[in-house]
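Undergrad: Kindly produce the complete structure, drawing on both the sequences and the hints.
One-letter residues, chain by chain:
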Amino acid sequence: MAKDIPVPTLNFEYWLDKATEWGQATTLESQKDVCLHLPQLQKFLHEIYETLKHMDSIVAIQQFPLIGQLLGRLCWNPFVIGYDESQKTLMWCLCCLYSSEPQNPVELKANSWIRSLLCHLLSSSKWESNEAETSTFISTLGYTSADYYCHLVKNMVLSLVTELRRDQFNGLNIQGRVSASRVNAVSLFCLPLITLPDLTPLLETLLLYHGGASKEILSSEFLEAVNEAFLKKKISLPETAVFSLWLRHLPSLEKATLYLLDQLVSMQLNSLEEVACVMKDSLLPQAASHPAIFRIVNEIFKNALLETDGTPEVRTIIQVFTQLFLQAHQNENKQHKFPLKAYFPYHHQPLVTALLRRPFELPATRWSAHLKHISDMLKALIECLGQTDLQKIPSCPPVSWKTDTCIHTWFQLSHGDFLLLLSGRKSFLLFPLRLSSLLAASHFLYKLQFSAMSHMLIPEVCQTFLPLERDE
Amino acid sequence: MEAVLEQVEQLPALLAGASSALVRDWDSLTLDRALEWAQYFQHVHDRFRTRPRLREVLGRRLRRAQSNPPIGFPHLGRCPQLLGLALLENRALPPTACRCLLHRLLQLPGREAGPEPHSLALLARRKAASRLLALPSVPPRPPADVEPQLQAEAQLLLGRLREEGQEAEPAGESAGPPRWLSAVLEQLPMSRAFEVVAAALLEQGRGADRAGDWDLAGSSLEGNWASAVGDKCVAGPLLSWLLGNKERFSAFCLFLPGSLLASLAGYYSQLSRPYLDLLAGCGSHLLYDPLQGRWVVSCPDKAVLSWEQLRERFTCLCQGSDVLKGQTQAALKLLKAQDGDFQVCGLSVWADLLTEVEECLRKDAEY
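Chains as they are written, first to last, in the UniProt record's numbering: chain A, 1 to 472; chain B, 1 to 367.
Source of the hints: derived by calculation from the structure; they are not laboratory data.
What you are looking at is a predicted structure, and each value in this text was computed from that prediction instead of being measured.
Be careful, since some hints might not be right.
As the list claims (entries may be wrong) - Heads up, simulated SDA-like pairs for lysine to any residue below, C-alpha to C-alpha not over 25 Å straight-line:
| hint | chain 1 | residue 1 | chain 2 | residue 2 |
| --- | --- | --- | --- | --- |
| 1 | A | 154 | B | 159 |
| 2 | A | 154 | B | 12 |
| 3 | A | 154 | B | 202 |
| 4 | A | 109 | B | 95 |
| 5 | A | 255 | A | 33 |
| 6 | A | 302 | A | 278 |
| 7 | A | 18 | A | 61 |
TA: Okay, structure coming up:
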């Protein structure tokens with residue numbers, strides 16, 4: 001019994017036209033077009049199913065006369081069937097259209113047509129004509145098409161992986177070169193299959209594949225889709241593959257960073273450990289050991305800070321990120337480490353090195369000397385800059401530290417703009433160097449207990465801070 | 001236990017019935033019951049999979065049904081898929097039952113979830129994947145690589161052999177290939193059957209090699225030991241199928257390329273002797289034509305190898321393992337000696353072959 005549900009406007013004509021177009025053309029452009037429309041199509045199929053499940057099959061066919069043609073055409077498009085959950089939804093729609101009590105020849109015919117479509121999708125008996133021998137062989141052995149295709153896909157993946165890897169090792173042997181267009185085609189054809197677990201080895205190999213060309217040979221749609229799937233945790237890839245993805249496709253890296261920011265800001269995170277956990281999961285701090293990645297992520301965080309006028313959440317995020325990055329950097333194998341200069345190319349190197357020294361690396365007696373050294377460097381730099389809009393440079397030396405001092409250093413180095421805060425438990429020093437009228441002044445006092453990780457390094461903090469207390 | 005055995009005995013009848021016209025009278029209740037039986041059989045399989053003696057008992061009971069090819073213990077595990085797909089394609093199934101089948105098979109939301117999804121959506125997805133991965137035009141494949149479809153068929157054949165090997169008593173090599181094997185291979189055209197058997201033997205041989213490497217590394221697991229023992233059960237029947245029939249073996253050797261046969265002869269010593277004998281037979285049909293200055297086939301209507309093909313095959317054999325190389329060269333030298341041990345070209349096909357093969361190997365060594 002059909003209920004009185006308002007039928008949403010389902011645009012069958014549009015999708016039928018699309019499906020017809022895709023069925024006829026076999027060019028790379030039309031295949032790219034399919035790939036672009038796959039997510040929307042899946043949503044559309046889902047909407048159809050939601051509508052159909054409450055309807056009688058006869059009513060459904062009356063109300064949506066084009067549905068048969070559409071579903072029929074889509075069943076023969078491997079891009080559609082291979083994508084995510086489209087095949088499941090499509091089959092559910094077909095089931096809904098199957099009538100359990102056919103009253104007339106038309107319904108009988110429709111039933112028969114639905115069954116043959118399903119048989120085609122599941123390769124049960126009417127295997128395509130060139131597979132007829134295979135199908136009898138397999139069923140005589142006592143297996144089903146499920147077993148056959150399971151093995152077949154694994155073999156094909158392995159064969160492609162071997163081909164690509166062999167090409168990498170060939171090095172200068174030009175003869176073995178896989179053509180760039182072939183690799184591009186493979187990457188595009190893999191796009192619908194990204195979330196199929198069998199494909200992971202191929203995804204990894206493609207991401208790590210470097211041909212001779214200077215241009216990117218993997219299709220950008222593919223790279224975007226892999227990134228999307230990775231961010232939504234639909235696939236898991238080894239770290240090297242993810243880093244390679246971000247290194248070769250800038251939009252993916254940007255998206256990943258923004259996604260992380262989004263996640264952190266919208267989650268109710270109660271402690272720094274939780275923030276650090278989410279961040280480590282995203283692999284961005286680990287990826288940032290590549291200077292190129294570090295600089296991009298840094299830039300995005302800086303812009304976020306600027307646009308939000310330095311809200312505490314964003315500051316925390318930057319803080320934790322830098323901490324994790326430093327941690328990962330320290331832990332790296334000494335041989336392969338990039339020098340710090342690579343990460344902070346515009347910054348004054350001795351100052352960077354001095355600021356990155358962590359308190360426990362120095363005996364307590366040397367701390368005040370160390371701080372004095374930093375402030376001396378800063379003063380020298382300020383003098384070198386000779387900016388006319390510098391205001392309020394306190395010339396007092398750093399205060400002497402009390403016993404349980406905590407060192408907390410924030411600085412911003414950006415083409416001559418910088419700001420340094422050295423704070424103790426009750427006192428702090430401020431060196432603002434260039435004040436911009438656009439930046440809001442904010443008060444802050446950031447206290448952290450002394451620990452191995454308490455040495456914080458925050459580049460690009462664009463804020464003015466006013467001293468609140470002074471101590472002798 | 002006897003109750004379970006009696007129930008399990010119904011499996012062949014169930015599967016046979018599902019593909020027959022008997023389903024005409026089924027309604028949704030019967031269908032539900034049939035699918036539940038299938039689930040039950042799978043459950044039985046999972047419970048007894050790790051108990052070899054009980055497995056054997058169940059297997060023997062199933063074999064009593066004498067279906068051809070025989071239904072064994074592993075079929076219990078695959079029953080839901082076998083039954084589901086058989087019913088789907090059976091046109092005799094009435095619409096009400098069919099609708100019920102579709103809802104159960106495709107796990108439409110709304111029904112209570114089954115114990116284990118049939119993953120038919122995964123099957124459809126994988127089939128589409130196989131179309132997509134084959135679409136980019138394939139460059140000429142190096143001969144060492146096996147075509148994926150062929151390899152899949154070979155893997156399933158090996159799987160079945162392994163399953164049978166685990167259950168049946170190894171009857172020894174004199175018993176010949178199991179009847180079901182010949183019946184199965186007859187489903188394919190002869191040339192395809194040869195390719196599948198060759199691919200299966202190759203895969204088995206490579207696997208044994210790899211297992212051997214692991215053993216050397218000292219990390220051999222129980223699985224490796226079991227597979228090493230099982231190898232005889234797997235390769236044995238295939239080899240006896242090949243060697244059992246002289247004509248079949250000769251057709252096999254003439255059809256497949258020399259490099260593939262050389263690899264197989266390297267893995268399986270049972271093959272190298274008969275193969276060499278076959279090549280010797282082919283060589284004896286060559287006559288020297290002094291006008292053209294080369295060896296030609298004397299009786300063109302017989303299926304024999306030409307001089308060039310013969311040379312290529314002997315070269316491939318000599319490029320194999322040291323054992324195989326030694327065996328081949330010894331055989332050639334013996335044949336040459338039988339012909340009179342002449343050094344002059346044109347008098348003995350074996351002398352000429354030996355000279356050419358050695359020349360080829362010398363060039364290879366230099367390069």
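Undergrad: If a hint holds in the structure, say so; if it does not, say that too.
TA: Evaluation of the provided hints:
1. A:154 <-> B:159: Given pair residue 154 (chain A), residue 159 (chain B) holds - Cα atoms ~15 Å apart, limit 25 Å.
2. A:154 <-> B:12: Distance of about 31 Å is beyond 25 Å: violated.
3. A:154 <-> B:202: 18 Å, holds
4. A:109 <-> B:95: Distance ~12 Å between residue 109 (chain A) and residue 95 (chain B) Cα, so the pair holds.
5. A:255 <-> A:33: 22 Å, holds
6. A:302 <-> A:278: Answer holds: residue 302 (chain A) to residue 278 (chain A) is near 20 Å, not above 25 Å.
7. A:18 <-> A:61: 20 Å, holds
In summary, the one numbered hint that this structure violates is 2.
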